[in-house]
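Put together the whole structure using the sequences plus the hints.
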Amino acid sequence: AQRVTQPEKLLSVFKGAPVELKCNYSYSGSPELFWYVQYSRQRLQLLLRHISRESIKGFTADLNKGETSFHLKKPFAQEEDSAMYYCALSRPVGALLRQINAGNNRKLIWGLGTSLAVNP
Amino acid sequence: DGGITQSPKYLFRKEGQNVTLSCEQNLNHDAMYWYRQDPGQGLRLIYYSQIVNDFQKGDIAEGYSVSREKKESFPLTVTSAQKNPTAFYLCASRPTLRGYTGELFFGEGSRLTVL
Chain Y
8 AQRVTQPEKL
18 LSVFKGAPVE
28 LKCNYSYSGS
38 PELFWYVQYS
48 RQRLQLLLRH
58 ISRESIKGFT
68 ADLNKGETSF
78 HLKKPFAQEE
88 DSAMYYCALS
98 RPVGALLRQI
108 NAGNNRKLIW
118 GLGTSLAVNP
Chain C
56 DGGITQSPKY
66 LFRKEGQNVT
76 LSCEQNLNHD
86 AMYWYRQDPG
96 QGLRLIYYSQ
106 IVNDFQKGDI
116 AEGYSVSREK
126 KESFPLTVTS
136 AQKNPTAFYL
146 CASRPTLRGY
156 TGELFFGEGS
166 RLTVL
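So the sequences go chain by chain: Y and C. What the first sequence shows, in my numbering, is residues 8 to 127, in sequence order. What the second sequence shows, in my numbering, is residues 56 to 170, in sequence order.
Just so you know, not all the hints are guaranteed correct.
Take a look, some chain Y residues computed to stay more than 12 Å from chain C by CB distance [unchecked claim]:
#1 19
#2 56
#3 72
#4 85
#5 93
#6 116
Taking beta-carbon pairs under 10 Å as the criterion, some of the chain Y residues facing chain C (in silico) [what the hints assert, rightly or not]:
#7 14
#8 16
#9 41
#10 50
#11 97
No farther apart than 20 Å at their CA atoms in a straight line, the calculated lysine to any residue pairs in the SDA-like style are these [stated by the list, open to error]:
#12 Y:64 x Y:9
#13 Y:114 x Y:58
#14 Y:114 x C:84
#15 Y:16 x Y:58
#16 Y:29 x C:94
#17 Y:16 x C:97
#18 Y:114 x C:96
#19 Y:114 x C:113
#20 Y:22 x C:65
#21 Y:22 x C:117
#22 Y:29 x C:112
#23 Y:16 x C:94
#24 Y:114 x C:64
#25 Y:114 x C:105
#26 Y:72 x Y:124
#27 Y:80 x Y:54
#28 Y:22 x C:100
#29 Y:22 x C:96
#30 C:112 x Y:16
#31 Y:16 x C:117
#32 Y:16 x C:109
#33 Y:114 x C:123
#34 Y:114 x C:112
#35 Y:114 x C:116
#36 C:64 x Y:49
#37 Y:22 x Y:114
#38 Y:64 x Y:124
#39 Y:114 x C:110
#40 Y:29 x C:95
It should be emphasised that the hints constitute simulated quantities derived from the structure, not laboratory data. Even glycine gets a Cβ: it sits at the ideal position worked out from N, Cα and C.
In structure tokens form, the structure reads like this:
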């Protein structure tokens with residue numbers, strides 16, 4: 008079964024320390040993985056997607072197919088990074104290639120989230 | 056200002072009453088979703104709709120109902136049959152373009168409390 012696991016419910020670090028939020032997945036196909044972030048009193052929003060290989064707000068995430076992981080990393084945490092972070096996997100739910108290629112019938116499988124607290 | 060608007064932000068309901076949460080988007084997105092967010096349980100999919108006049112049950116649809124009469128609107132009704140309705144509800148949308156890989160755009164959420 009497809010699954011996304013975030014083993015840490017809560018992660019607490021000091022400002023300036025490196026931070027790594029873990030995400031492991033189980034999926035038999037080629038995964039498309041995302042990190043979403045929810046800051047206090049703000050809406051849930053996309054932080055990173057693995058296909059774009061970008062760095063956003065100093066965060067990076069590398070897909071490791073051998074370890075089935077997509078850990079989120081930042082070398083120097085800031086107080087404003089304190090938030091709830093969700094790892095998610097996108098998979099097609101339709102059997103028809105036409106639907107898959109059209110971007111239809113995709114489903115996101117979510118991890119339970121990790122609450123990051125960056126202390127001064 | 057484009058985006059997804061959920062209303063009300065806060066809602067109180069007595070047991071046995073149905074309540075409808077509104078979700079409107081002006082992003083011209085085809086697909087819309089309703090999630091329930093509970094502490095420690097992540098996001099759980101209630102219903103989703105890929106196109107107007109069509110919707111599918113998610114993982115926890117029991118006790119909920121939806122409609123999709125307009126592209127912009129996807130209201131969620133929490134019925135009295137929902138055994139544990141107190142939660143934070145999130146609406147989301149996305150386009151269904153060719154090759155699109157699935158970023159969702161979220162509303163600010165509605166917090167429902169059953170008294």
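Structure-based check of all given hints:
Chain C leaves residue 19 of chain Y outside its interface by the beta-carbon criterion, the shortest separation being 17 Å against a cut-off of 12 Å. Taking the minimum C-beta to C-beta distance to chain C, about 7 Å, the non-interface status of residue 56 of chain Y is violated against the 12 Å cut. Remark: the non-interface label on residue 72 of chain Y is consistent with the geometry, its nearest Cβ contact in chain C lying 17 Å away (cut-off 12 Å). Taking the minimum C-beta to C-beta distance to chain C, about 23 Å, the non-interface status of residue 85 of chain Y holds against the 12 Å cut.
With a closest Cβ-Cβ approach of about 7 Å to chain C, residue 93 of chain Y is found to fall inside the 12 Å limit, against its non-interface label. Against chain C, the non-interface label of residue 116 of chain Y is violated: not every CB pair exceeds 12 Å, the least being about 9 Å. The beta carbon of residue 14 of chain Y comes no nearer than 13 Å to any beta carbon in chain C, farther than 10 Å, and the hint placing it at the interface is violated. Because the smallest distance between the Cβ of residue 16 of chain Y and any Cβ of chain C comes to about 7 Å, under 10 Å, the interface hint for this residue holds.
Proximity of residue 41 of chain Y to chain C holds as hinted, the smallest CB-CB distance being about 7 Å (cut-off 10 Å). Interface restraint check: residue 50 of chain Y against chain C, minimum CB-CB distance 5 Å, threshold 10 Å, status holds. Given hint, residue 97 of chain Y at the interface with chain C, holds; its Cβ is 4 Å from that chain's nearest Cβ, closer than 10 Å. The hinted pair formed by residue 64 of chain Y and residue 9 of chain Y fails the criterion: a straight-line CA distance of about 29 Å is larger than 20 Å.
At roughly 17 Å between alpha-carbon atoms, residue 114 of chain Y and residue 58 of chain Y fall within 20 Å of each other, so this suggested pair holds. Taking the CA atoms of residue 114 of chain Y and residue 84 of chain C, the gap is near 16 Å; set against the 20 Å cutoff, the hint holds. Using a Cα cut-off of 20 Å, the hinted pair residue 16 of chain Y and residue 58 of chain Y is violated, with the two alpha carbons roughly 26 Å apart. Taken as a hint, the residue 29 of chain Y and residue 94 of chain C pair is honoured in the structure, with Cα atoms around 19 Å apart against an allowance of 20 Å.
Under the criterion of a C-alpha separation no larger than 20 Å, the hint pairing residue 16 of chain Y with residue 97 of chain C is consistent with the structure, at around 10 Å. Taking the CA atoms of residue 114 of chain Y and residue 96 of chain C, the gap is about 18 Å. The hint holds against a cut of 20 Å. Taking the CA atoms of residue 114 of chain Y and residue 113 of chain C, the gap is near 10 Å; set against the 20 Å cutoff, the hint holds. At roughly 34 Å between alpha-carbon atoms, residue 22 of chain Y and residue 65 of chain C are farther apart than 20 Å, so this suggested pair is violated.
For the suggested pair residue 22 of chain Y and residue 117 of chain C, the alpha carbons sit about 44 Å apart, so the restraint of at most 20 Å is broken. Between the alpha carbons of residue 29 of chain Y and residue 112 of chain C the distance comes to roughly 30 Å, so the proposed pair goes past 20 Å and is violated. About 10 Å separates the Cα atoms of residue 16 of chain Y and residue 94 of chain C, which keeps this hinted pair within 20 Å; it holds. Among the hinted pairs, residue 114 of chain Y with residue 64 of chain C is inconsistent with the structure: their alpha-carbon atoms are about 26 Å apart, more than 20 Å.
Using a Cα cut-off of 20 Å, the hinted pair residue 114 of chain Y and residue 105 of chain C holds, with the two alpha carbons roughly 11 Å apart. Between residue 72 of chain Y and residue 124 of chain Y, the direct Cα distance comes to roughly 28 Å. Violation of the 20 Å bound is thereby established for this hinted pair. The suggested pairing of residue 80 of chain Y with residue 54 of chain Y holds, with an alpha-carbon distance near 12 Å, which does not exceed 20 Å. For the suggested pair residue 22 of chain Y and residue 100 of chain C, the alpha carbons sit about 35 Å apart, so the restraint of at most 20 Å is broken.
For the hint linking residue 22 of chain Y to residue 96 of chain C, the alpha-carbon distance of about 28 Å lies beyond 20 Å, and the restraint is violated. Straight-line distance between C-alpha atoms of residue 112 of chain C and residue 16 of chain Y comes to about 28 Å, which puts the hinted pair past the 20 Å bound. With a C-alpha separation of about 27 Å, the suggested pair residue 16 of chain Y and residue 117 of chain C falls outside the 20 Å cut-off, and the hint is violated. Restraint check: the Cα-Cα separation between residue 16 of chain Y and residue 109 of chain C comes to about 36 Å, which exceeds 20 Å; the hinted pair is violated.
Restraint check for residue 114 of chain Y and residue 123 of chain C: the C-alpha separation of about 19 Å stays at or below 20 Å, so the hint holds. Using a Cα cut-off of 20 Å, the hinted pair residue 114 of chain Y and residue 112 of chain C holds, with the two alpha carbons roughly 12 Å apart. Of the pairs offered as hints, the one joining residue 114 of chain Y and residue 116 of chain C holds, with about 15 Å between alpha carbons and a cut-off of 20 Å not exceeded. Distance check on the hinted pair: residue 64 of chain C and residue 49 of chain Y sit about 12 Å apart at the alpha-carbon level, within 20 Å; holds.
For the proposed pair residue 22 of chain Y and residue 114 of chain Y, the alpha carbon gap of about 36 Å is over 20 Å, so the pair is violated. Restraint check for residue 64 of chain Y and residue 124 of chain Y: the C-alpha separation of about 16 Å stays at or below 20 Å, so the hint holds. A hinted pair counts as satisfied when its Cα atoms are at most 20 Å apart, and residue 114 of chain Y with residue 110 of chain C qualifies at roughly 14 Å. Pair hint residue 29 of chain Y plus residue 95 of chain C holds up; C-alpha atoms about 16 Å apart against a cutoff of 20 Å.
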